[in-house]
Every structure is written in structure tokens, then in C-alpha cells.
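*Asks:* Given these sequences and hints, build the entire structure.
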Amino acid sequence: MSVVTNTTTIGAIELPSRRNTELLLLGFAVLIPMFAYANVGLAINGSLPPGMVLYGLGLGALAGIAHLVVRRYAKYADPLLLPLATLLNGLGLVLIWRLDQSERLQNLAKRAFGGFSPSAPRQMMYTAVAIALFAAVLLVLKDHRVLQRFTYISMAGALVLLILPVIPGLGADVFGAKIWISVGGFSIQPGEFAKIVIAIFFAGYLMVKRDALALASRRFMGLYLPRGRDLGPILMIWAMSLLVLVFENDLGTSLLFFGMFVIMLYVATERTSWIVIGLLMSVGGAVVVGTFASHVQARVNAWLDPFACYTTSGACEQVGQSIMSFGSGGVLGAGWGQGNSDLIGFAANSDFIFSTVGEELGLAGVMAFLLLYGLIIERGVRTALAARDPFGKLFAIGLSGAFALQIFVVAGGVMGLIPLTGMTMPFLASGGSSVLANWILIAILIRISDTARRPAPAPAPSPDSEMTQVVRPS
Amino acid sequence: MNKPLRRISLFCGLLVLALLIRTNWLQYVQAEELSTRKENRRVQIAQYATERGNIIVKGDPITGSKVTDGSDYKFKRTYTNGELWAPVTGYASQAFGSTQLESLEDGILTGNDDRLFFDRTIGMFTGEKKQGGNVVTTLNPEAQKAAFEALGTKKGAVAAIDPRTGAILALVSTPSYDPSRFAGNSKDDEKAWVELKDSEDKNLVNRALRETYPPGSTFKVVTAAAALEHGVVQDINAPTDTPDPYFLPGTKTEMINHAKGCEKASLNEALRISCNSVFANMGDKVTRDKMVETSEKFGFNNDKIDVPVRAFASIYDKKMGKDGNAQSSIGQFNTAATPLQMAMVTAAIANDGKLMKPYMVDMLQAPNLDVIEKHEPQEMSRPLSAANAEKVQQMMVNVVANGTGSKAKMNGVTVGGKTGTAQHGEGNKKRPYAWFISYAETPDKASPVAVAVVIEDSEADREDISGGGLAAPVAKAVMEAVLKSQG
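Protein chains in written order, with numbering that gives the first Met the number 0: chain A, 0 to 473; chain B, 0 to 486.
If you are wondering where the hints come from, they were derived from the structure by calculation, not from laboratory data. All figures in this text were calculated on a predicted structure; none of them were measured in a lab.
Pairs of lysine to aspartate or glutamate residues, derived as EDC-like cross-links and limited to a Cα-Cα distance of at most 16 angstroms, are as follows:
# : chain 1 : residue 1 : chain 2 : residue 2
1 : B       : Lys201    : B       : Glu82
2 : B       : Lys37     : A       : Glu316
3 : B       : Lys73     : A       : Glu102
4 : B       : Lys259    : B       : Asp243
5 : B       : Lys144    : B       : Asp177
6 : B       : Lys353    : B       : Glu378
7 : B       : Lys2      : A       : Glu269
8 : B       : Lys129    : B       : Asp105
9 : B       : Lys153    : B       : Glu82
Simulated coverage check for chain B against chain A, where a stretch passes if three residues somewhere in it have a Cβ under 8 angstroms from a Cβ of chain A:
#  : segment
10 : 14-26
11 : 30-42
Think of the CB as a built atom: it goes at the ideal place given N, C-alpha and C, for glycine as much as any other residue.
*Replies:* This is the structure we're talking about:
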């Protein structure tokens, strides 16, 4: 564990706070989506969108507030995380607005639900709430280590969040996946929040148990096998993620939790054997569930060859449509607002929003987006490296690892690299829970990075190191 | 804890790298294949996203485009007089694809053709909307209408050609269909499409190009041409050595004549009254291989007759025995011809032995009406010499003046023709096909039209009578219309 050591003779070197860098980047992060918005308007209606100034001001104001909060309450935070999240969120709003303009989706909604309501205003509202939450987290959570106290409460909370959608009357079955609950007209996806809550539990639990898990083991064929009782927790998490998969038809969440746990376990114990065991368990689980759960089978078939079952299976049609979107985009894309990614249908602005990027911005745009996500992950991992306390390290790597897994699972799914899981692209996809949860995630990473980069408190003056008096001849 | 952290960061990097590689694979390597897949509706959406160019007959468009709402496709094809022109245009349907000229000239009509690249590029800078070019056909609207009306409710087809150039003047197939009925993709369109596709009358089949029939006695002009070309007969008025009854070579099967006086009848007389025995005998003497040679010069056995819509190959069997060859020489047995093929035969004879390549697209125009491509008449082959062609003409004129084709007679115009009633079906049980081929020539020796008519399901079954009685008036109507419009 690396701790910045200060010799008593040298005072703490103050790191630059980089707040002005952040402000400059935020300027770009607001300007780029505004250009994108203008571009879509010109492409679709031939005129600048009427709400453009308002939208720009709104996004600018939200970014400004977030920046001021960071400047005041997390002075030493990583300067890239906030601009990256703002840029992705802003571009996501443009993408959603663009899909709102699609006549095809409007007709589809009218036929299925008897009416169409645009998603962009709702998303804008959620963004505002999310930034408020972001500010609240930074205001309330002065030190992330406080969260250690809530280790077991977090576990209970995560379990509750995961179980909620299965409770009859509360859960809503949307297109086969039971990952929603609806409360008073609002639908929430508890899984998104559970992602953060459970990271607290894992970090707190593993920090305490890491030595036992790492050291009490037997060597067998080059692997350190943990003791039977130490296997308990991982077995439990494994079983839980399988249950989520079986009862909620939610491949993504189950994969995410288990993946996050294995990553954190590995970091905590530094034992490669945990990775091997984790991989074996997930393969085993995947085979068992894949054999019995028909919806998983359908997705695997759609992944293997979407065009073989294109006309007979909805899963295949969606994946096929998505892949064709990417292919039709080619290198430079059809241009914003000029593609037909809405052919994918209902999920075009949520699960499959990345296909619109693929078709309209092309290979160049997709790579740019992937690099933006890559940068967020990189800043997260860097935060974990820099964090001074094991809890902070574990927490940061858990959140960044989960974020990376989610990007991989979603983008890989819509691009046909891996079977589709039905998760949403952070910040891009339409949906309140996702926006809220991911802004909270960014807020926590910012808090940890602030603690990590904050100069250590100045050491108490030591009488041994009094300045030597210089005697000058005069 | 930093060593595993670095490894995890490497792992996250690999995840992103895998996505980057995948997107390159999809959007660069596989882009072409994915963007042109048949499941990819973008292809059709683009096809109907702009107003299509038109197919033009004598200055007037017979197609159009109109904006449709509530569908992926912005423009829908419309057709004026769809039933009349369907055998020429084919159809372009948002839901059911396109055929014939609509499909073959799709690049020009949508404006995507490479030859329109500069128009598109200039349009990009001037901000003009993308437009399609036009396809100008050779068809003669009067002749087309005359043929369509004369066929009326009968099932059949007409092909008319200008013998001098090979330009197709009329191309009719009945019962026809209106391509407007299923040009969109609504429920009604689908209903109309299913109805037409499954119809017993095979409305969607272009009988003039895509249906072969036994040509019956009309094929005798080909046999006559072969006999003259290969020196079997020099004088068309000299008696032949055909006995009556005539038995098919090597068999005890009698070739039945419906006409009387076929014994030793001259070629001229035999064609006039349509003797089967004489032409079977001639075909046998010419021999199979030489019959094949001549008929192939007329266009038989050629599966690449593109006008530019590809016509089915007409058949003269290359492997049959002597008796088969004798039967085939009167247009029965394995002989099969499209109406277009028989019009080509007639045109070659009328054009003094020179067969011109048939075509129906005169030129392709850019959206600004610049000519992109103009068809130059091409000689396809010379099935017979000018002298022999004149002899066959004489015989055909005799058929109309004094023989079975009298219903095609016209005042002040030389008309040559040949009737045919083709038996078909097992044991010739099905109702025969009535054929008539003819050409008309004004006194100034210009020969502006050659026609072939076939009518299925004719009521009469007596040899030649139905061809002369049913099909000849149709041919006459077409010839009259052409002469009048050009006259």
C-alpha cells in the first residue's frame, strides 16, 4: 500500500488543484453537445432547433453548479471525471432528442401505447435531479471512509434493492425483464443503485477479511485454494447473481455483480486463484442457466448468428438490426439525424442507443465514445491507485470495474461481440435510474480522488528541525 | 494492493480494446456486406427516399411518384394506365421489390447510377435535391393500346417490332395487372399482391417475353426459310415430292393434314393452306442440324436476348431424332417460342433477311434531360439471303391474300402473314393456342411493323382456323395503328 510519506523536514507539497483545467474542459463539454444539437436540428428539420439556447444554458448551468460544488467541497478532485460525464450526458440528451423526432418510433408508440411522449425533456429533468444528487453526495459525504460503517447495512440494502422487482404488485415486467419497480407513476430500476450500494458492502467486507482470505489457504497445483469457510461469501454472491438471473431475467446485473465481486476480491487478496475460481464459477453458472433458461438461449442464438433466426425471433431481429446499423454507418457515419437506427424499435433510445452512435457517427464516432468511456475508467482506476486507504482503493476499483464491465457488456452486446444482456449505456441511454446512479458513482469517485490527492495535513513542527541560524559576516 | 490494481486496469483496457477492434470489424471490414444485406431495409428506404425518374413513351411519362405518409418510404410509385404498360414497366413496389425496367434501370431511375455521379456532386453543391433520370422507351402508344384493346378479355400476348431497327413498338400481355395497386406497403397493397401472385391467370407473368408456347404452323415460315437457304427448294412454285398420306420418317405415324390437296403441293401452296406433311417433309430433308442452324440464326436457343428485359429462350431441340425433327418443323413436338421470338422471325423476313437486335429502351436521360446513353440499332444476324427473304415474303403475302390469313388484309398495304394453331397438353387435349404472325409494308417499300400474336385458351380447335380467326384481327389492329401513327 502506498502512502505518501512526508519527511518531517519538508513541508507538504501542495498539488495543483486543477480546478481551472476542469472548468475549461467543462466549457468544451457543454459546447460540443450544443453543436451536436444544432447539427441534428439542421439535418432533420432544416433549421436550428428552437430550444437550442435554452438547452445550452440549462446544460451549462448544471455543469457550472456541479463545478462550483466540486471547487468548494472537493478541491483536489480529479479534473477529468466531471467534464467527461457532462459531455456524455449532453451527447446522450442530443441522441435521445434525435430519436424523439423519429416518425417511425412515434407511430410505434402510438400503436402500442396509444400515445407518444418525448423522452428528451424527461431525460433533461432527470439530469437536473442527478446533478443535484451529485452535489448532495459531495456536500454530505465529506470523507468516503464514513461509508465503512454501513458495510452490513449496505448488504441488506443491496439485497432489498435486488429483490424489489420480484415483489408482486411492485415489480413491473417490461419486455420480459423484471428489473423495474413502479412507484406512483415513476419507474425505477433498483439494480442501477444496487450497483453502488453493494460496492460499499464488498469494499467494507473485503477490507476486514482480506488477510484471512489471502493467507489461510492451501497450495494445490500452483493455486492457493481458500479454506472452505472462506469460500462462503463468494458462493453466496454467486448464488445471488444466479438467482437474479433466474428470477428477474436480468443477465446484465447478475454478470455485473459477480464480476465486480471477483475483481474486488482479487485486488483485496492479491491471489490469482480467486480469479480462476471466479471464472470457473461463472462459466459453470452460465452453462447451467444457459441450458435451462429459454430467454438466455434465445440471446445466445441471436449472438451466434442473428440472421439465421432473423424473421422468427425478436431477439435475433433486434441484434441483427443493431449490427446492420453499425455496418450501414461505415467509417464516417450517415451524419447526425440522417440514419435509420430507429428501425431497431422500442429499445432504440435505451438499450440500443449506442447503435445510433454507430450508424450516424460511424466508426470514428464510436471509437471516440469508447475512448471517452475508457478515460472515465482510467481516471477511476487511477483514483484507486492513488487512494491512501484500503477501503477507498477497493471502493474505487469496484465502481470503476463495474463501470468498465457495464460498458463492455452493453456495447459488446449491441455490437454482437457477446450475447445481449439488456443493460443501458451509462449517461447515454434514456432512463432516470441510470442517469441518477451514474452521477452518484461519479460523485463518489470524485470524493475518493479528492481525498487521495489532498495534501496530507502539515506535520506538527518538530523541535529537532529548527531552522539553523545562519550567521552572516557583516 | 497496487499490483493487482495495475492488472485490473490492464484488464479494463483490454475490454475497451476488444470493443474498439469489434467496431472496426463491423464498421470497416463488414460494413459493405451489412449495409447491403437483404434484411437491411435501408436499401429500400433509400430507393424510395427521393422521387424516382420516369419511364417515358413518346414524350409522355407512364409512371409517376407521389408522397406517402405514415410509412418508411417517402415516395410511392404511380402508374398511368398501369394494366396497359405493366409488361413494359414491370413494377416497383415498396414492399414487394421491383422487376423489369423498373428494376434493371433502377440506378438511373433513383439517380444512383455511376453515370449520374457528376449530377449528384453538382447537386450537392447547389443544394438541389437528388433526382432520378428518365428511361425513354421505343414503344408506340397507339399500337400498344390497339393490341391491348383487341386482346380484350382474352388471355394472350402481342409483340410488335419495327423490322428496320429492331425497336419494339408494342408489348402486351393479358390479363394484365395494375402495378399501382401494390406499389405501397399497406394492407391493401398486400392483399392486391397476394391476389395477383396466386391468381390462376398468372397476371404477373409477362407473356410476351417470359412465356414460351409451341409456335404451331407459324413456325413453317422458318422451315421454308431453311429449305430455301439450304437449297432443298429453289422454286417455291415447283411441286414437292411429298406423298399423301405422309408418314413421319422411320415410323408408321401419319402426319395428319387438316387441309386438302397437300399431295406434292408446292411450298407456296403448302404455306397458303398450311400443309403439315409438306413442311414435315421439308424439315426432314433440310436435316435436324441445318434446321437448328437456321432457327438459331432467327434467335432460337438463345437465352441472352435482352431488350433489356431478358426474354426466355425459345427452343428448337438440338438432340431429337428424325421423326421429332419432322414434327418440330411444323412447330410442334419440342419447339417452343416466345411471342417476341416469332415477331423477330417475322421482322427478319420483312427486313429482307436481316435480323435486327430487338430493344425497347431508346435512351437514358439524366435528370436535366441530357442523354446518357442512346441505343444504336444493331444487326443481330442474317438468317436468310435477301432473295430468299423475298420468296418467303411472297408466300406470306399469298397466305393473307388468298389463304388462311385473309382476316389481316388491309387496303393499299402489302400484308404478309401466317396463321398457327398449336396443339399442346398430353395427347393434345388442352385447348390449342391461336397464333398469327404478320408484317405490313406500305407501297413505298418501307416496312414499319412486324407483329406476333398469341391467344391462349381459344375456343376453336381446328388447325389454322383459330389462328386466322382469332389472332389475325388483333395483328391487323396493331399494324393499322402503327401505319396510321407513322403515316
